[in-house]
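In case you want the letters, here they are:
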Amino acid sequence: MASAAITLAAEAPKLSSANTGFMLICSALVLLMTPGLAFFYGGMVRVKSTLNMLMMSFISIGIVTILWVLYGFSLAFGSSNGFIGYDSHWLGMSDVGLTDLWPGYTIPIFVFMVFQMMFAVITPALISGAIADRVKFSAWSLFVALWLTVVYVPVAHWVWGADGWAFKLGVIDFAGGTAVHINAGAGALGVILVIGRRVGFKRDPMRPHSLPLVMLGAGLLWFGWFGFNAGSWLGNDDGVGALMFVNTQVATAAAMLAWLAYEKIRHGAFTTLGAASGAVAGLVAITPSGGAVSPLGAIAVGAIAGVGCAAAVGLKYKFNIDDSLDVVGVHMVGGILGSLLIGFFATGKGQSTATGVFYGDHSFTQLWKQFAGVGAVLGYSLVASAVLAFLIDKTIGMRVTEDEEVSGIDQAEHAETAYDFSGAGGGLSGGTLTAATETKKVDA
Amino acid sequence: MKLITAVVKPHRLDEIKEALQAFGVHGLTVTEASGYGRQRGHTEVYRGAEYTVDLVPKIRIEVLAEDDDAEQLIDVIVKAARTGKIGDGKVWSLPVETAVRVRTGERGPDAL
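Residue numbers (the working numbering), protein chains in the order written: chain A, 9 to 452; chain B, 6 to 117.
Be a bit skeptical, because a hint or two may be false.
[Claimed, not checked] From chain B, some residues computed to sit far from chain A (all C-beta separations above 12 Å):
no.: 1; residue: T10
no.: 2; residue: E20
no.: 3; residue: A24
no.: 4; residue: Q26
no.: 5; residue: A54
no.: 6; residue: V58
no.: 7; residue: K84
[As the list claims (entries may be wrong)] Label pairs and their in silico Cβ distance ranges:
no.: 8; chain 1: A; residue 1: T409; chain 2: B; residue 2: K84; range: 51 to 61 Å
no.: 9; chain 1: B; residue 1: E67; chain 2: A; residue 2: I404; range: 35 to 45 Å
no.: 10; chain 1: A; residue 1: G322; chain 2: B; residue 2: P62; range: 44 to 54 Å
no.: 11; chain 1: A; residue 1: G208; chain 2: B; residue 2: G42; range: 47 to 57 Å
no.: 12; chain 1: B; residue 1: V50; chain 2: A; residue 2: V391; range: 29 to 39 Å
no.: 13; chain 1: B; residue 1: G42; chain 2: A; residue 2: I404; range: 43 to 53 Å
Everything labelled a hint here was simulated from the structure, so no lab data went into it. Heads up, the beta-carbon is just placed ideally off N, CA and C, and yes, glycines get one too.
All chains, full assembly: derive it from the sequences and hints.
Take a look at the structure:
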């Protein structure tokens, strides 16, 4: 994010209404991605865990929003030794002036804070897809709070903080290929290595219960992603945000087509789930790279990510790891591909003058920097997330009982079911309204 | 009386209904069913994972008939349900002891 400060010679930046308005809209767009993700995932699970899947995303909006205002933003974006930041004025955001500008930019600190909040909200929510059907809601809620604090905040600081070591090294991550997608994907891998597989993995058919919901979710993600990507330049004064917007669209289209072509050849059909998955893979891969590559480069990044992720999602059966909705296969693999491809396709005419192997003096310098960023985030998130999951498992326990998992986590954890399938509008369930007026705790 | 049960392809329902109406049948019961015979199932693919779906959607039609009409009625259903392809389904009949029209209390053939 953001190496070029928008300044005129020796003149301090002034608040820009246009950039401020644009960034507030982008923040709302990024928020919309989390409900979009909820439906993308929610349609992919079986009927009996639909609500739990939706709720794992929604609870992240609640928990992360509060923690971000209280201390998350201060630790992620305060000044530092390179590893974790701190700024006492930003704790609770009550000591910040309404027109105090984010240093070097034309938008208020409040705007930057809330834009970054939406990134912090969706990143833990991404992990939830890997652990479908089987994790206690209380354990997940605790995990979100701890993971935000121990994993997301430091990694965001490395990559985007003005003092972060990766940022200073020159690792390019425009909107979150490392900090969001590799971080969430590697975190998901760490968690599932600890908590294990679903009952019946590789034996029972676990088909998506509603592909229309998946498509709806993918559409909302695609739409919101323009805020996520184009907004990450924090303004529109030099055209880089517009390049990012164009590349986001181009790479996503290329990835969707590539995934569909791959599976038509391998499996004989153009599937709906393949179209939705390919689009998301493209969005993931262009997230770090879209400010550095040309639109032709974006086609290459998208196509490579589409085929790469389509090939990667099958590996879970080979390794016998239950990455239920392919968070590792799409977000970690897509994030790695997008981040490393910068080292090949960076033109030097976008967000910075750094060039990849195919441009400029054909040097590998940027590629090695990208490797450093990818490796550090992947390794740290994998280990730290596994440790967090292990600690929660040993204290309050990560998983619901086998009975609850088999009969359905929605009923067990939320005391609800997603759909009423009875033709008579609920009259066939054989129940009565027992306690509409008195407070009664359900056994869930 | 006889109970005639037909398990057939869902898209033949309208044809069968019209044929039965033309024959003079006043009422029938339809339920959604699933199953397989010689047709077996089909394969679906989700992100490269292939699932074999054994049970195929079918429609189960139940009609009550007087003994004299039963065989002819079965022929009407079979004719309307037939596509000639594998998976067309089955029709069978069973004897029925009694039948009552709930509204009036009429019993036996009068209740049909």
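Consistency of the hints with the structure:
1. Non-interface call for T10 of chain B relative to chain A: holds, since the shortest CB-CB distance, roughly 21 Å, exceeds 12 Å.
2. With 12 Å as the threshold on Cβ separation, the claim that E20 of chain B sits away from chain A holds: the shortest Cβ distance comes to roughly 24 Å.
3. Under the 12 Å C-beta cut-off, the non-interface status given to A24 of chain B relative to chain A holds; the minimum distance is some 26 Å.
4. With a least beta-carbon separation of about 23 Å from chain A, Q26 of chain B lies farther than 12 Å from that chain, consistent with its non-interface assignment.
5. The claim that A54 of chain B lies off the interface is violated: its Cβ sits roughly 7 Å from the closest Cβ of chain A, which falls inside the 12 Å cut-off.
6. For V58 of chain B, the non-interface assignment is contradicted: its Cβ lies about 8 Å from the closest Cβ of chain A, within the 12 Å cut-off.
7. For K84 of chain B, the condition that its CB be more than 12 Å from all CB atoms of chain A holds, with the nearest at approximately 30 Å.
8. Checked against the hint of 51 to 61 Å, the pair T409 of chain A and K84 of chain B passes, with Cβ atoms roughly 55 Å apart.
9. In this structure the hint that E67 of chain B and I404 of chain A lie 35 to 45 Å apart at CB is violated, the actual value being about 53 Å.
10. Between G322 of chain A and P62 of chain B the CB atoms are about 29 Å apart, so this pair departs from the stated range of 44 to 54 Å.
11. Taking the beta carbon of each, G208 of chain A and G42 of chain B are about 27 Å apart, not inside 47 to 57 Å as hinted.
12. Take V50 of chain B and V391 of chain A: their Cβ atoms lie about 35 Å apart, and the range 29 to 39 Å holds.
13. Between G42 of chain B and I404 of chain A the C-beta distance comes to about 51 Å, which sits within the given range of 43 to 53 Å.
Hint violations for this structure: numbers 5, 6, 9, 10, 11, all remaining hints satisfied.
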